[in-house]
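Engineer: Residue numbers (the working numbering), protein chains in the order written: chain U, 1 to 112; chain Z, 1 to 112.
For the record, the hints were derived by calculation from the structure and aren't laboratory data. All clues given are correct.
Derived DSSO-like pairs (lysine-lysine); straight-line CA-CA distance at most 30 Å: (1) U:K57 / Z:K68; (2) Z:K37 / U:K57; (3) Z:K71 / Z:K37; (4) Z:K37 / Z:K56; (5) Z:K68 / Z:K56; (6) Z:K42 / U:K13; (7) Z:K71 / U:K57.
Under 7 Å between C-beta atoms, here's a sample of chain U residues computed to sit facing chain Z: (8) G42; (9) F45; (10) R55; (11) L90; (12) S94; (13) E100; (14) F103; (15) P105.
Given the structure is predicted, the values throughout are model-derived calculations rather than measurements. We put the beta carbon where it would ideally sit given N, CA and C, even for glycine.
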Amino acid sequence: KAGVTQTPRYLIKTRGQQVTLSCSPISGHRSVSWYQQTPGQGLQFLFEYFSETQRNKGNFPGRFSGRQFSNSRSEMNVSTLELGDSALYLCASSSGTYNEQFFGPGTRLTVL
Amino acid sequence: GESVGLHLPTLSVQEGDNSIINCAYSNSASDYFIWYKQESGKGPQFIIDIRSNMDKRQGQRVTVLLNKTVKHLSLQIAATQPGDSAVYFCAENRGATNKLIFGTGTLLAVQP
Numbered sequence: 001k002a003g004v005t006q007t008p009r010y011l012i013k014t015r016g017q018q019v020t021l022s023c024s025p026i027s028g029h030r031s032v033s034w035y036q037q038t039p040g041q042g043l044q045f046l047f048e049y050f051s052e053t054q055r056n057k058g059n060f061p062g063r064f065s066g067r068q069f070s071n072s073r074s075e076m077n078v079s080t081l082e083l084g085d086s087a088l089y090l091c092a093s094s095s096g097t098y099n100e101q102f103f104g105p106g107t108r109l110t111v112l
Numbered sequence: 001g002e003s004v005g006l007h008l009p010t011l012s013v014q015e016g017d018n019s020i021i022n023c024a025y026s027n028s029a030s031d032y033f034i035w036y037k038q039e040s041g042k043g044p045q046f047i048i049d050i051r052s053n054m055d056k057r058q059g060q061r062v063t064v065l066l067n068k069t070v071k072h073l074s075l076q077i078a079a080t081q082p083g084d085s086a087v088y089f090c091a092e093n094r095g096a097t098n099k100l101i102f103g104t105g106t107l108l109a110v111q112p
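So here's chain U without its partners, still in its complex pose (with noise of 0.2 Å):
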């Protein structure tokens, strides 16, 4: 069973641009999280799609948004980008609630 991919797996914009991040959950799996991680602040909940609907959002400004496709794949948009959003962003997979989330690689976006 293929695992999570996230592509691209590294990236380097400049400030004020926007990044377009894409996940691929494992098959028949209807849940994506994302997460942001970094040094300072450690690995911080985005927001969770189940079933292409929203249904929870970390503490981030609106500049952090996401969407989650009818195959299950998920991507993640920041835009109007800032030197503190360098980090790496992590998606999870799951078959459902209290059910083990399978990590995928993670995108490393640095922003110049």
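Using the hints, position chain Z against chain U.
Structural biologist: For chain Z alone, coordinates are given in the frame of chain U:
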């Protein structure tokens, strides 16, 4: 954000010894707890989970203990091996979504 990201505590052990990694969680309403292992350059990998109606759960070489009275979680690794060297995170889940609140993380360094 909701997770705390500070200095990463380090636990250094000799190969073959048992390791105990501790975690204090924040919300007494949390009802599902998970331990993750993260190796350099990879996403977190599920190790073991426990629900709030249990106080102990065992896996292969790992045991998780939950003390709800003092909101404390621990991960015990038996016969620690060099391949166990990684950062270990505890995470708590509350409510009917997959939103995880991660702890700071502990770096486990196994000396051969």
